[in-house]
Amino acid sequence: TVYLAPKGENSLTLTAHYPNICTKDDSFQNNPVLFKSSAHTKIFLQSSSEPFDPKEAARKLVRYWTKREEMFGEQAFSDGAFTSPTYNDYLQYYAKCEKAVLDCELDDTMRSIAQDYITCVNTTKLIALDQIIENHKEDSAAYLKVVQRRGVIMSDEMKLLFLKREDFFEVKAAARIMAYWKFKKLLFGEEEYHKDVTLDVIDTDRNRFVRLLPETDDSRRTIMVICVNELEKDGWTDNSIGRYYWYVVHAAIERKSCRENGLVVLLNYKGGSRELSKKISSIRQLCRSILFECMPIHFRISHLFLEPSAHWHWWLILSLVSKISSIIQKKIVVHTGNDHQHRREMARYYGIGAGQFPVDLGGDVDLDLTWSVWLEKRRAEGL
Numbered sequence: 032t033v034y035l036a037p038k039g040e041n042s043l044t045l046t047a048h049y050p051n052i053c054t055k056d057d058s059f060q061n062n063p064v065l066f067k068s069s070a071h072t073k074i075f076l077q078s079s080s081e082p083f084d085p086k087e088a089a090r091k092l093v094r095y096w097t098k099r100e101e102m103f104g105e106q107a108f109s110d111g112a113f114t115s116p117t118y119n120d121y122l123q124y125y126a127k128c129e130k131a132v133l134d135c136e137l138d139d140t141m142r143s144i145a146q147d148y149i150t151c152v153n154t155t156k157l158i159a160l161d162q163i164i165e166n167h168k169e170d171s172a173a174y175l176k177v178v179q180r181r182g183v184i185m186s187d188e189m190k191l192l193f194l195k196r197e198d199f200f201e202v203k204a205a206a207r208i209m210a211y212w213k214f215k216k217l218l219f220g221e222e223e224y225h226k227d228v229t230l231d232v233i234d235t236d237r238n239r240f241v242r243l244l245p246e247t248d249d250s251r252r253t254i255m256v257i258c259v260n261e262l263e264k265d266g267w268t269d270n271s272i273g274r275y276y277w278y279v280v281h282a283a284i285e286r287k288s289c290r291e292n293g294l295v296v297l298l299n300y301k302g303g304s305r306e307l308s309k310k311i312s313s314i315r316q317l318c319r320s321i322l323f324e325c326m327p328i329h330f331r332i333s334h335l336f337l338e339p340s341a342h343w344h345w346w347l348i349l350s351l352v353s354k355i356s357s358i359i360q361k362k363i364v365v366h367t368g369n370d371h372q373h374r375r376e377m378a379r380y381y382g383i384g385a386g387q388f389p390v391d392l393g394g395d396v397d398l399d400l401t402w403s404v405w406l407e408k409r410r411a412e413g414l
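Count along the sequence shown from 1, then add 31; that gives the number in my numbering.
Don't read these hints as lab results, they were simulated from the structure. Ideal Cβ placement from N, Cα and C applies to all residues, glycine included. Don't take every hint at face value.
Straight-line Cα separation of at most 35 Å, DSBU-like style, residue types lysine-lysine; simulated pairs [unchecked claim]:
1. LYS168 x LYS156
2. LYS86 x LYS213
3. LYS203 x LYS216
4. LYS264 x LYS216
5. LYS203 x LYS361
6. LYS216 x LYS354
7. LYS362 x LYS226
8. LYS98 x LYS86
9. LYS168 x LYS86
10. LYS203 x LYS86
11. LYS301 x LYS362
12. LYS86 x LYS216
13. LYS216 x LYS195
14. LYS301 x LYS130
15. LYS309 x LYS226
16. LYS156 x LYS309
17. LYS127 x LYS86
18. LYS127 x LYS309
19. LYS226 x LYS287
20. LYS195 x LYS264
21. LYS216 x LYS287
22. LYS98 x LYS127
23. LYS168 x LYS216
24. LYS226 x LYS203
25. LYS408 x LYS362
26. LYS195 x LYS362
27. LYS226 x LYS310
28. LYS86 x LYS156
The following label-pair restraints were derived from C-beta to C-beta distances [unchecked claim]:
29. ASP134 x GLU188: 36 to 42 Å
30. GLU169 x LYS287: 32 to 38 Å
31. TRP345 x THR150: 49 to 55 Å
32. GLU169 x TRP405: 21 to 27 Å
33. SER313 x GLU169: 22 to 28 Å
34. ARG319 x GLU223: 19 to 25 Å
35. LYS168 x GLY413: 44 to 50 Å
36. MET189 x ASP395: 34 to 40 Å
37. ASN270 x LYS354: 32 to 38 Å
38. LYS98 x GLY220: 53 to 59 Å
39. ALA411 x LEU133: 17 to 23 Å
40. VAL390 x LYS287: 37 to 43 Å
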């Protein structure tokens, strides 16, 4: 049992007493205010390595108040020291706990407390997410059919990506999962959508359309490049391009940099035209839906590159932003300079240096070489 005894006006002395307690019932009978002496007592008792270990909980509680006093001084013991946490505070605390678990400089006790919090949140949210999907069978038919008939179950790790994408709002995460399976079924058909997507079912003839840069930006975000004029030639369909785009975005999610820090998109419209823009309007909408409505991925910013003298710029910009949300609109930056200007601006203002920037836009990275090698390597590995 842990007791808090006032000492003076603004400080507390912690004294720990360790009776021979075998069960919680015994402790409640002998100490009816066990969980009322401190708002933190119950948390530390439940986070101990052994079930209901009062000695370990007492040590943790003493350490907690010691550190709290070191940080906040006498204010640490006042009733109004801290305001009620907001939802965003909980999200920030979760993120800090994820870092704490991997921090070798922290002791085992602090890492254990952080892991306990993460496990508690994950378990609770996953249960709520599954329940929502089960209760909306009509909307989640594609997913439930895969689970019931094919025996394919989305892993908890994948579900957590959807939850994190929606800041742990399980309703929004469930809607994104439903959209994910709906679009996958649309692209790959009844007989294929339950399988992992590999290059064996992907048409890569237009593989320059969308590619991933090998390096991240300075904020460790994955960079994806879309080259629109690759679709100038015929020989492709919305479905073939949609499948390829789905595959590349999934490959981005495989990267830790993308899962943790998000995705930056470079839209290369150099060499394009108003006619081409009209031609690809349907595939452009499909790609938007995949990225913004389906995938468990944080879209950070899009850089739109246009030729300086193109007369159709304003028409293109209006057509692009008219069908996306105001939040996404604010994440689009338009560039109309030359390659030298692009190179300087991206390095100075956006954390993308020449070694992280494609040759087509003024950088040093030759994707025509690296991307083909990357595709062949994945094909050989059956990915």
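Against the range 17 to 23 Å, how does the distance between the Cβ atoms of ALA411 and LEU133 compare: consistent or not?
For LEU133 against ALA411, whose Cβ atoms are near 32 Å apart, the range 17 to 23 Å is violated.
Tell me if the straight-line CA distance from LYS156 to LYS309 falls inside 35 Å.
43 Å, violated
Does the Cβ distance between MET189 and ASP395 fall inside 34 to 40 Å?
Hint holds: Cβ distance 35 Å, inside 34 to 40 Å.
State, for the Cβ atoms of GLU169 and TRP405, whether the hinted interval 21 to 27 Å holds or is violated.
About 40 Å separates the Cβ atoms of GLU169 and TRP405, which means 21 to 27 Å is violated.
Check the hint pairing LYS203 with LYS361 against an upper bound of 35 Å on the C-alpha distance.
21 Å, holds
LYS98 paired with GLY220, Cβ distance criterion 53 to 59 Å:
57 Å, holds
Restraint status (C-alpha distance of LYS216 to LYS195 at most 35 Å)
OK: LYS216 and LYS195 at ~24 Å, within 35 Å.
Within 35 Å, alpha carbon to alpha carbon, are LYS195 and LYS264?
39 Å, violated
Between the alpha carbons of LYS168 and LYS156, is the straight-line distance 35 Å or under?
19 Å, holds
What's the verdict on LYS195 and LYS362, does the C-alpha distance respect the 35 Å limit or exceed it?
Holds, because 20 Å separates the two Cα atoms, which is no more than 35 Å.
Mind checking the alpha carbons of LYS127 and LYS86 for me, to see if they're no more than 35 Å apart?
Roughly 27 Å between the alpha carbons, so the hint for LYS127 and LYS86 holds.
Pair hint LYS98 and LYS127, alpha-carbon separation not exceeding 35 Å:
The hint holds at about 17 Å.
In summary, the structure is inconsistent with hints 2, 9, 10, 12, 14, 16, 18, 20, 29, 32, 35, 37, 39, 40 from the numbered list given earlier, while agreeing with the others.
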